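Throw the hints in and build the complete structure from the sequences for me.
In order, the protein sequence lines correspond to chains A and Z.
When you number the first sequence by this note's numbering, it's gap-free, plus one each residue, and the end is 394.
When you number the second sequence by this note's numbering, it's gap-free, plus one each residue, and the end is 961.
Please keep in mind that the hints were generated in silico from the structure rather than gathered at the bench.
What you are looking at is a predicted structure, and each value in this text was computed from that prediction instead of being measured.
Please note that a few of the clues may not be correct.
Taking lysine-lysine pairs in the BS3-like style, the calculated list, with each CA pair at most 27 Å apart, reads [said to hold, decoys possible]:
id: 1; chain 1: Z; residue 1: 906; chain 2: Z; residue 2: 860
id: 2; chain 1: Z; residue 1: 860; chain 2: A; residue 2: 34
id: 3; chain 1: A; residue 1: 132; chain 2: Z; residue 2: 513
Chain Z residues, not near chain A, derived (Cβ > 10 Å throughout) [unchecked claim]:
id: 4; residue: 422
id: 5; residue: 438
id: 6; residue: 500
id: 7; residue: 536
id: 8; residue: 634
id: 9; residue: 707
id: 10; residue: 746
id: 11; residue: 809
id: 12; residue: 857
id: 13; residue: 868
id: 14; residue: 875
id: 15; residue: 904
id: 16; residue: 906
id: 17; residue: 944
id: 18; residue: 946
id: 19; residue: 956
Even for Gly, the Cβ is constructed at its ideal location relative to N, Cα and C.
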Amino acid sequence: MSSTETTNDGASTKVEGLQEFTLRLRRYDPESGKPAYYEEFTIELEPHRSVLDGILQAKNDEDGSIGIRCSCRAAICGSCGTRINDKPGLACHTHLDEALKRSKDGKITVEPLGNMPVIKDLIVDMDAVHWKKQARVTPWLLPSEPLPEREHIVPREAMVDVTQSMACIQCGACVSDCLSMEIDPLFVGPAALAKTYRFVGDPRDARHQQRLNDLAQDPHGLYACTHCFNCIEACPKGVAPMSQIMRLRRIASQDHHIVDRNNGERHEMAIVNSVKKYGTLNEANMIPDSYGGKLHPASARAMLASLPVITKALLRRKVTPKSALFHPKSPDQAQIKRIYREVGEREQRLEHNLYITQPDEDPAEIAAHEAHVAAAAAREAAAKPGVDQTGAGA
Amino acid sequence: MPAHDVLIIGAGLAGQRAALAAADAGASVAILSKVHPVRSHSVAAAGGINAAMNPADDWRSHAFDTVKGSDYLGDQDAIEVMCSEAPNEILHLEHIGVTFHRNETGHLDLRAFGGASMKRTAYVADITGQAILHVLYEQLMKYSDRVDRYEEWFNTSLIRGDDGRCVGCVARNIRTGEMQTFTAKTTILATGGVGQAFKPTTNGLICTGDGMSLAYRAGARLMDMEMIQYHPTTMTANGFLITEGARGEGAHLRNADGERFMVHSAPNKMELASRDVVSRAEQKEINEGRGTGPLKDSVLLDVTVVPKNRVLEALREIVNLGRDFAGIDITKEPIPVRPGQHYTMGGVKTDSDGESDIPGLYAAGEVACVSVHGGNRLGANSLLDTLIFGRRSGEHAAKVAASMPMPTVSDASLRDDEREIKSIIDRPRTGRRVSEIKEELGVSMNRYCAVFRDEEGMTKGHEIVKRLQEEAKTAYIDDQGTVFNQDVLGALELGFMLDCSEAIVKSALERKESRGAHSRTDYTERNDEDWLFHLTVEKDGADAGADAKLGQSPVTITQWQPMERTY
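Put into structure tokens, the structure is as follows:
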């Protein structure tokens, strides 16, 4: 790659502001019989260019054998999922200067995605993990028959809502750093569960209950996520897989009353009730309450099985016998009751959605923007009374 | 050796649609792609898909807009097929799960798009291609017992039987380096365009003209190759596409003086004129010194005039692109754009069932030239093209396959290709690097075959392509391995791009008029009397180094006689 860029009419101009970066790539050649190693490449690019641009410069100019999947360079094809300075993401979506800021040693380290076998260099076997898990959630629409003659009539908001999970590009960044999957390789994982929301949130699908029940009863399914937020951080497209998982749980328990054999639903209710009662979590009650109450045989078994953890917690003074037996109530009980009442009285659950909600927006800014749009429209109308701005009429 | 009724090469929208249609028609199907299907470049199509869905609309109006957009070079019989079948195709997509956005009554919403006389573009925010591609892949997973998927297999050549029919292909398993002969009664190419022969381009790195070149080498004719679309709104910062949907939602284009310059060249449609018209207007502003930016090489796309909640809901992807790749919040400030290479109108010449000159060989989508786009493709007609002609190819191929025996195919081509690959790997490091030649090709094509063209420039371009073809014969690579040797595939792709580039430059030099995207400063007018026909390109003789030979093919006119084209 040369340090010139070409304008549309073809004139070549020297680009200012090039900077040197050191890429530290994890290399692995399965044919060599040797273990993986790291190799450094020095590249020269503008700081706002992507890590992928850097890798391609090294590949084009120095070593064509560097293996990385890539195509669009614009964070839409999902090919270049990698780990950059220990964080999963798309190489094309990570600026060199930002990557450098996160570096501990002044070098940008690029490694293959985690939780999947490596084929060569930065290329992992997505079929063996990612796509296999997708196949587990019946990843196609199951509409009621017969199909309508025209399109399904569905609420406008519903289609905008599922767009957030439809925006998933299957890059595998979330799978790479899923902590639950690291502990439980059979966990269906964030990407497949986000895909599930794409159907459960879609009013045209006729099998919501069955989908949710299957995943709720699966010990490696809906309730195997431990809310570590890694997938939300990893996702380059704002799909927020964990948020979709939580929505699936809320729909499973509240709308379909699915009580699962993994005690996922009971555990959730135990937390809700504990906070309602005390204002905080009473850890000592969590196990019995999650297994059907203190007198339930399953609860005794669970307590017994958890003895090592309980002992450790006591030894490290995370819990004391006193705090376990006499869990303090928060002073402002009225506030807690009010919050529970207000949330309970809502007709609809408020769900955060990238395509609908606009977080952190200043009302004054919104008003100013609306005025700007109106003014522009008025200017155009005054300047060209005859022009139809809607696109109707040739 | 796998053997199937229908073999599909390429797994973007056209390929996947063909596979599903052929399987529905009862055929045994294999679909082979050099990338995982959801990485195919159809994923980048943003704005939407055209169909006369509105009861007040009529497919004939859509067809006329398409004919007019093509600058009367489109074949009207094929355009009628595409536009009349469009509404049912959209309904099919809706039924299998595409999450098209709805209006307040819950029906499909439609947005405005360039060159269209009605709002007729169905969409999923600004990720329409992605949404459709992923839903088709959902279906492909559902069909896994009927469709064999060969993901990450690279096609190296097509095979013709003794009777001239196409009887399959040779492909390399990218993961293992293993070469395999695929036998098939019918073969459908769905490998996309050749944007990577240009730099910059909106196209992905995988868009290297593989199918066009392989069909050409096998003896098929290419058509309309001079017609290269420059999209009016590609980000100056990096060449990425900003969807026409932005202008469909009301965004403006302005020059350095703040003027909405489209008023001069398209006073009625303004920013929503055909893409060739808008790109020329922008280039004219830039060439005449009214561009913006440090190099005065851009115009401004102003999305701030679109209500912000609408932008966040319907143009989310370009908000992300602006923020992540140019550091610009497009809801607050205009973004510098300029015309950039985007689409190959030309391709493998086919009839409206997708069949090429070679019996048993089909092509659908950007690799094909039916010709429904003629001199200029309308925005949101490409997705439609892929799906309609993908389906028709799949259906026709399955029908033909049902009444014929499985051909017998030798491994002769496989052995040739193995030798070829080995010879590339073994080349001494005395020539140029493959990547260097590709870089020079891209820069040259973008210099000499861009928005405005002339004899002198294109002649230079032609000379460069011929020289690069020679240099490519000794170009060397680094990777000696077999597992994921992307380097050697890059060398093969360079060969594909050079074939296509030769066809593009030769056709463009030949056409001595201005029509659609082919705009010459030395022949500035459209000339129906002398040039109302397609240019075709075929290989002059069977040997590998044979030159490109030009020919002509008539334009089919059914109901719309050529008229002056104004917007």
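Comparing the hints with the structure gives:
For the suggested pair residue 906 of chain Z and residue 860 of chain Z, the alpha carbons sit about 21 Å apart, so the restraint of at most 27 Å is met. A distance of roughly 43 Å separates the Cα atoms of residue 860 of chain Z and residue 34 of chain A; the hinted pair therefore is violated under the 27 Å criterion. In summary, the hint linking residue 132 of chain A to residue 513 of chain Z is not supported, as the alpha carbons are separated by about 41 Å, beyond the 27 Å threshold. Annotated as non-interface, residue 422 of chain Z keeps its C-beta farther than 10 Å from every C-beta of chain A; the closest such distance is 21 Å.
Residue 438 of chain Z, annotated as away from the interface, has a beta carbon of chain A within 10 Å; the closest lies near 5 Å. Its closest Cβ contact with chain A, about 4 Å, brings residue 500 of chain Z to no more than 10 Å, contrary to its assignment away from the interface. With a cut of 10 Å on Cβ distances, residue 536 of chain Z falls inside the contact zone with chain A, its closest approach being about 4 Å. Residue 634 of chain Z, annotated as away from the interface, has a beta carbon of chain A within 10 Å; the closest lies near 5 Å.
Distance to chain A contradicts residue 707 of chain Z as a non-interface residue, since its nearest Cβ pair spans about 5 Å, not more than 10 Å. Taking the minimum C-beta to C-beta distance to chain A, about 26 Å, the non-interface status of residue 746 of chain Z holds against the 10 Å cut. Distance check for residue 809 of chain Z against chain A: the nearest CB is about 23 Å away, which clears 10 Å, and the non-interface claim stands. For residue 857 of chain Z, the shortest C-beta to C-beta distance to chain A comes to about 15 Å, beyond the 10 Å cut-off, and the non-interface label holds.
Non-interface status of residue 868 of chain Z relative to chain A is upheld: no Cβ of that chain comes within 10 Å, the nearest being about 16 Å off. The non-interface label for residue 875 of chain Z is inconsistent with chain A: the shortest C-beta to C-beta separation is roughly 5 Å, within 10 Å. Consistency note on residue 904 of chain Z: stated as away from chain A, and its beta-carbon is indeed over 10 Å from all of that chain's, at 21 Å minimum. No beta-carbon of chain A is positioned within 10 Å of the beta-carbon of residue 906 of chain Z; the least distance is around 22 Å.
Residue-level check passed: residue 944 of chain Z sits 25 Å from the nearest beta carbon of chain A, beyond 10 Å. With a cut of 10 Å on Cβ distances, residue 946 of chain Z stays outside the contact zone with chain A, its closest approach being about 30 Å. No Cβ of chain A comes within 10 Å of the Cβ of residue 956 of chain Z; the nearest lies about 16 Å off, and the non-interface call holds.
Hint check: violations occur at hints 2, 3, 5, 6, 7, 8, 9 and 14; the rest are consistent with the structure.
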